[in-house]
Each structure stands twice: as C-alpha cells, then as structure tokens.
Amino acid sequence: MHTAEATHEDSHDNLIIDNKKLLMWVFLGSDCMFFGTLISTHLIYRKLYPESFDPTALFSLELTSFSTFILLMSSFLMALAVSAMHKGELKSFRNNVIGVVFFGLIFLGCQVYEFAHFVHEGLTLSTNTFGSTFYMMTGTHGVHVAIGVFWLVCMYFYSHTGKMNAHESAVDVEVAGLYWHFVDIVWIVIFTVVYLIEFI
Amino acid sequence: MTDNDYQPVPLAPDSHKDSETEKYHTFVNLALGLAAITGIELVLVYLPFNKALIFTVLITLSLFKFVAVIAWFMHLIYDKLILTLAFGTGLSIATGTFIALGFLTSRGNVDMEAITGF
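The listed protein sequences correspond, in order, to chains A and B. Mind the numbering: the first sequence is residues 0 to 199 in numbering that gives the first Met the number 0, read in order. Mind the numbering: the second sequence is residues 0 to 117 in numbering that gives the first Met the number 0, read in order.
The following block holds chain A by itself, in its conformation from the complex (with noise of 0.2 Å):
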C-alpha cells in the first residue's frame, strides 16, 4: 500500500509551506530592495564626489571589524536557538537567545561609539553627502538591529509564560531568526562596500 500513499503523503508534504515563514521570505525581499537603494545612493555619491569628504581618517577598521565579528557570531548562537526550539530543548534556546540578545546589544553600543566619535569630529547629517547617505544607511540598519534585540527580548519572556512549545512555536523562532539572519548579511555588504573598500 503504503508506498504510492506514502510517496502522495511525501508530494503533499512538500508544498504545504508555513504562511509565516514565506511572509517573511517575501518582506526580506522587499527590504532587500530597501537596503539596496541606501547601498546605491552612498556609493553613487561616493561615485560622484570622490574628492569631498575622506573617510578613511574616521573609521575604524578595528572597531568595525569587531561589530562584524559579534553580529557574525550572534547569526551562529540565533542557528542554534532555531535548532535547539526543533530539538524542543527550551533552556538550550533561552541561553542561545540570550547570548544573541547580549551580542546584538554590544553591536549597537559600537555603532553609538561610532556615530558619537564621527559627530565629535564634526560629520553630522547635514556636514555633506556623505553624512547624509551614511547615517541613513547605518542608522537604518542599526534600527533594524534594535527591532531586532526587542523582538528576541519579547520571545525570551514569552518562552518563560509556558505557553511556548516545541511544535507550534519552532516556526516563530525560525521567523526571528530569519530576520536576525538578515541583518547580518546586510552588514557584510556594508561592511565590505562601506568601509573596506575605502582603505584600498
């Protein structure tokens, strides 16, 4: 029997996809596109008026390097939250959240440090173009990052209320997490088209 029925369970099986997990494939898309166009601009005014500002005197490459290495390693514990909400193991996913959580938070504390040092030495919003498209692009993703930490926060509480299981709940994980996922891929294209790329 149960070979042609199974092979009809398998086939079935794989097109049920979970509305909220393709929602949200779909909303990174679109911020995809959101984040390119702030990528484009900086670079194009960077295109456009190579001579005006000189970034390479501000930036830390150290500290940058730094924030890229936490988020990275913040994308690995969030992996692990996701794999250990599968496993149904609530403690391994609180303390994988938790170090995602601390980790996110030490990112945005760097990029305060930095946003705080480049307004001390005089590059604001209104200082030039590259003022503008800069903080545009890195506020915008260190917004992204606080929604983010907030998002987890909330799901770290909620694991506490019980009404948190393995089954039902692994799908809003795996959607946190792939909105985690995001910011950091997000900050590797910053990372190497923003920063790096200067000091060539």
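One thing to keep in mind: the hints can contain errors.
As the list claims (entries may be wrong) - Below are the DSBU-like pairs computed for lysine-lysine, each with C-alpha atoms no more than 35 Å apart in a straight line:
#, chain 1, residue 1, chain 2, residue 2
1, A, K90, A, K19
2, B, K79, A, K90
3, A, K19, A, K162
4, A, K86, B, K50
5, B, K50, A, K162
6, B, K79, B, K22
7, A, K20, A, K162
8, A, K20, B, K22
9, A, K90, A, K162
10, A, K19, B, K22
11, A, K86, A, K162
12, A, K46, B, K22
13, A, K20, A, K86
14, A, K19, A, K86
15, B, K22, A, K90
16, B, K79, A, K20
17, B, K79, A, K162
18, A, K20, A, K90
19, A, K86, B, K79
20, B, K79, A, K19
Since the hints were made in silico from the structure, they are not lab data.
Go by the hints and put chain B onto chain A.
Showing chain B alone in chain A's frame:
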C-alpha cells in the same frame, strides 16, 4: 485499501534530532569560517597588492559570506524552492537597480550644478 486504512509511518524519534545534530556541526564550521574570512578581509586592505586584485578578492569573500549565511544559517538549502524565489526576486531587483543606477549616474550624465546643494 481506502484512505481510512492508511496509517502514516511514524518517523524514528531520533531522526529529527540526528539531523539537527548534523546541522550543529555545520553551523560551528560555518561560524569559524566566517570569522576567519572577516579576519582575512581586515588584513587584505593593508597589504600592498594591486588594488583591483584586492577589490575583487574582497567582493568575492563578501559574496561568499552573504551566500553562506543565507544558505545554511537561514536554512534556505534545506527549505522549499519557492522561498528561494520569494527572496531571490527582491534580491534580483535590488541588484538590478544598483547596477542600473551605477551606469546612469556617471559624472557625464549628471547635472552637478543642480544637485550641489551641500
């Protein structure tokens, strides 16, 4: 046999956990790889090599990190094709816009006087 006779064969209880354990090792290796690549990128910009070469290597490494996080951390290689298409559509439009704007906004095509408000 009728549909009512069908009893789905339960998965072995450990099979899911085994697959998650396998993923764990992949995640650890990937995290180490990504950290190493970030270190290499940092060192590369200070090396006295040809600028075009360093630029190409940096973009390649960045692309690798980008794809690796999407594929493994975001589970896209384990998931259904439609999710790749949903994300790929947005990513393609973003990349296309970036390339098009890059070509359209060379100094020769822009009225510099009109936009030098700053």
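Here's how the hints hold up against the structure:
no. : hint           : verdict
1   : A/K90 x A/K19  : 24 Å, holds
2   : B/K79 x A/K90  : 29 Å, holds
3   : A/K19 x A/K162 : 18 Å, holds
4   : A/K86 x B/K50  : 48 Å, violated
5   : B/K50 x A/K162 : 56 Å, violated
6   : B/K79 x B/K22  : 17 Å, holds
7   : A/K20 x A/K162 : 20 Å, holds
8   : A/K20 x B/K22  : 19 Å, holds
9   : A/K90 x A/K162 : 14 Å, holds
10  : A/K19 x B/K22  : 23 Å, holds
11  : A/K86 x A/K162 : 17 Å, holds
12  : A/K46 x B/K22  : 42 Å, violated
13  : A/K20 x A/K86  : 19 Å, holds
14  : A/K19 x A/K86  : 20 Å, holds
15  : B/K22 x A/K90  : 19 Å, holds
16  : B/K79 x A/K20  : 11 Å, holds
17  : B/K79 x A/K162 : 28 Å, holds
18  : A/K20 x A/K90  : 24 Å, holds
19  : A/K86 x B/K79  : 21 Å, holds
20  : B/K79 x A/K19  : 14 Å, holds
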